[in-house]
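Listed below, chain by chain, are the residues.
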Amino acid sequence: MLRIACPWCGARDEAEFRYRGDAGVQRPAPDAGLDAFYAYVFERDNPKGWHREWWQHVHGCRRFIKVVRHTVTHEIAAVGRPEDDLAVPE
Amino acid sequence: MDRYSGFRLFAEALRGHLGWGPAWRDAAPKPAYEVVIVGGGGHGLATAWHLATTHGITDVAILERGVIGLGNVGRNTTLVRSNYFLPENQRFYEASLKLWERFEQDVNFNAMVSQRGTLNLFHSDAQRDFFARRANMMRLEGADNEFLDKAAVLRLVPMIDADNGRYPVLGGFLQRRGGTVRHDAVAWGYARAASARGVDIVQHCEVTGVLREAGRVAGVETTRGTIRARKVVFAVAGHSSHLAAMAGFRLPLETHVLQAFVTEGVKPLLDVVMTYGGGHFYVSQSDKGGLVFGGATDGHNTYAQRGHLPVVEEVLSAGATLIPSVKRLRVLRQWGGVMDMTMDGSPIVSATPVENLYINGGWCYGGFKAIPAGGMITAHLVATGKPHPVGIHFGLERFRAGRTLDERGAGPYPWAH
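So the protein lines, in turn, are chains A and B. According to the working numbering, the first sequence is numbered sequentially starting from 584. According to the working numbering, the second sequence is numbered sequentially starting from 177.
What the hints contain is simulated information worked out from the structure, not anything from laboratory work. Misleading hints may appear alongside valid ones.
Here are a few chain B residues that sit away from chain A, every Cβ distance over 12 Å (derived from the structure) [stated by the list, open to error]:
#, residue
1, Trp200
2, Ala390
3, His484
Among the chain A residues that face chain B by a calculated CB cut under 7 Å, a handful are [claimed, not checked]:
#, residue
4, Glu597
5, Phe625
6, Arg627
7, Asn629
8, Lys631
9, Thr654
Over 12 Å on every C-beta distance to chain B, these chain A residues come out as not near it, computed from the model [to be verified]:
#, residue
10, Trp591
11, Gly593
12, Ala598
13, Phe620
14, Pro630
15, Cys644
16, Arg645
17, Ala661
18, Val662
19, Asp667
The structure displayed is predicted, hence computed values, not measured ones. Note that the Cβ used here is the ideal one computed from N, Cα and C, for glycine as well.
Turn these sequences into a full structure, and let the hints guide you.
Now the structure itself:
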């Protein structure tokens, strides 16, 4: 069970949130070409370790938040607003 | 290979069962092989068996990080069926079901293949229409199914709450050839049959690097030394991205966990495999009497082979809604397996950007039923360099080409498939 500290609502149960995928993915420029869009839509690093990811507080404030979570221990190192550049632990 | 048979069992019983040898060789790795298969799960073992029997390639090693049978081949809910919607998937899973029907004869091992039928329930007019369409798609590919009304469903599964106020059962569709297979016996049966044909099964041998020479694969670095190979196969669904990163490329998938549960044993209650249409819940009764069931994935990236409580609650409440009598049962065990969830929910059996390196993965939560045909098409690809006609749609190039096989129509969101 995760407890996620929403920047607007405080610590809440995982069941209030919906996972929304890898937050490291950046949309390429419109003229970046097929390979760049293929990588953007489909390819993922899928790390075994720290992962920057989006969650949405669907049963709370409904805002998107950024979370740095470990994909083996499930420890959460940082939670921030979408615009925050969160550091990933070593 | 010492053949197993009823006569042999009788003869060994007279001698106090002292004559049974080990079923397969626990091999030490040689310095080089024709083919190295990374991953001693169902698909790795089946690939080795098909390479040895169909293609005559026996200079093969299977490298397993732990012990064979402890990964997803021993963590699933043992269901086999071919009730898919998309023709490409239906064709493949039907080929797999046909191979399950002869599996025990092929490998001379009792895997308790039980074609008890898989029943999918529907609860609304819209769901009935969709299931009718799916059943028709199955028939177009030659697979069996029957459409049942509510009375026929209740004759099969009288214990369900068919008049539930929120999700009344209107009927179901039944594939009688679907059922269950003893999953551990699948690993042991393939291991024994492959080992008898000369395949080396190397345990406690974790791959730590991939050797490449001039853009081609040349072998693998392992915790038991360097092993050279002309061809390498990754069959490590759950950790495919991890190995692909060692070989220098990325894959269109994420790793997610799926949980499974088993209750205490009870007298015969359920003699088909049943799936609920009002929530994510599927259940069968094992020969020991426990109800074996599962639900949806936990919904976020994870490599941890355990589940989170919100999904436990969701699965148990769906089960109790469909079969109210299970509320009195205790859950004995709960566990998780990590899977490759691909961007379209369909598997990947493919060549890769590295020449002579092949991948069998992306099985999502459907890998167990796919084992015999997955091994068949992977072995064909490795031996001939060309995709097998039954698996021709499972190449990695489908994503770039816009030919994804999105069974659920969920889009490139692995947690939604």
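Consistency of the hints with the structure:
Every beta carbon of chain A lies more than 12 Å from that of B:Trp200, the smallest distance being close to 30 Å; the non-interface claim holds. Once the 12 Å rule is applied to beta carbons, B:Ala390 is consistent with being away from chain A; the minimum gap is 23 Å. A beta-carbon of chain A is positioned within 12 Å of the beta-carbon of B:His484; the least distance is around 6 Å. Interface hint status for A:Glu597: upheld, as the beta-carbon distance to the closest one in chain B is roughly 6 Å, under 7 Å.
Given the 7 Å rule on beta carbons, the hint for A:Phe625 holds: about 4 Å separates it from the nearest Cβ of chain B. Given hint, A:Arg627 at the interface with chain B, holds; its Cβ is 5 Å from that chain's nearest Cβ, closer than 7 Å. At a threshold of 7 Å, the smallest CB-CB gap from A:Asn629 to chain B is about 4 Å, leaving the interface hint in force. Below 7 Å, beta-carbon pairs count as interface contacts, and A:Lys631 has one with chain B at about 5 Å; its hint therefore holds.
Satisfaction of the interface hint for A:Thr654 is found here, the shortest Cβ-Cβ separation to chain B being roughly 5 Å, below the 7 Å cut-off. With a least beta-carbon separation of about 20 Å from chain B, A:Trp591 lies farther than 12 Å from that chain, consistent with its non-interface assignment. For A:Gly593, the shortest C-beta to C-beta distance to chain B comes to about 19 Å, beyond the 12 Å cut-off, and the non-interface label holds. With a least beta-carbon separation of about 4 Å from chain B, A:Ala598 fails to lie farther than 12 Å from that chain, contradicting its non-interface assignment.
A beta-carbon of chain B is positioned within 12 Å of the beta-carbon of A:Phe620; the least distance is around 9 Å. Distance check for A:Pro630 against chain B: the nearest CB is about 8 Å away, which does not clear 12 Å, and the non-interface claim fails. Every beta carbon of chain B lies more than 12 Å from that of A:Cys644, the smallest distance being close to 19 Å; the non-interface claim holds. Distance check on A:Arg645: its Cβ is at least 17 Å (rounded) from any Cβ of chain B, clearing the 12 Å threshold; non-interface status holds.
At roughly 16 Å from the closest C-beta of chain B, the C-beta of A:Ala661 stays outside 12 Å, upholding its exclusion from the interface. Look at A:Val662: its CB is around 14 Å from the nearest CB on chain B, clear of 12 Å, so calling it non-interface holds up. For A:Asp667, the requirement that its beta carbon stay farther than 12 Å from each beta carbon of chain B is met, with the minimum near 19 Å.
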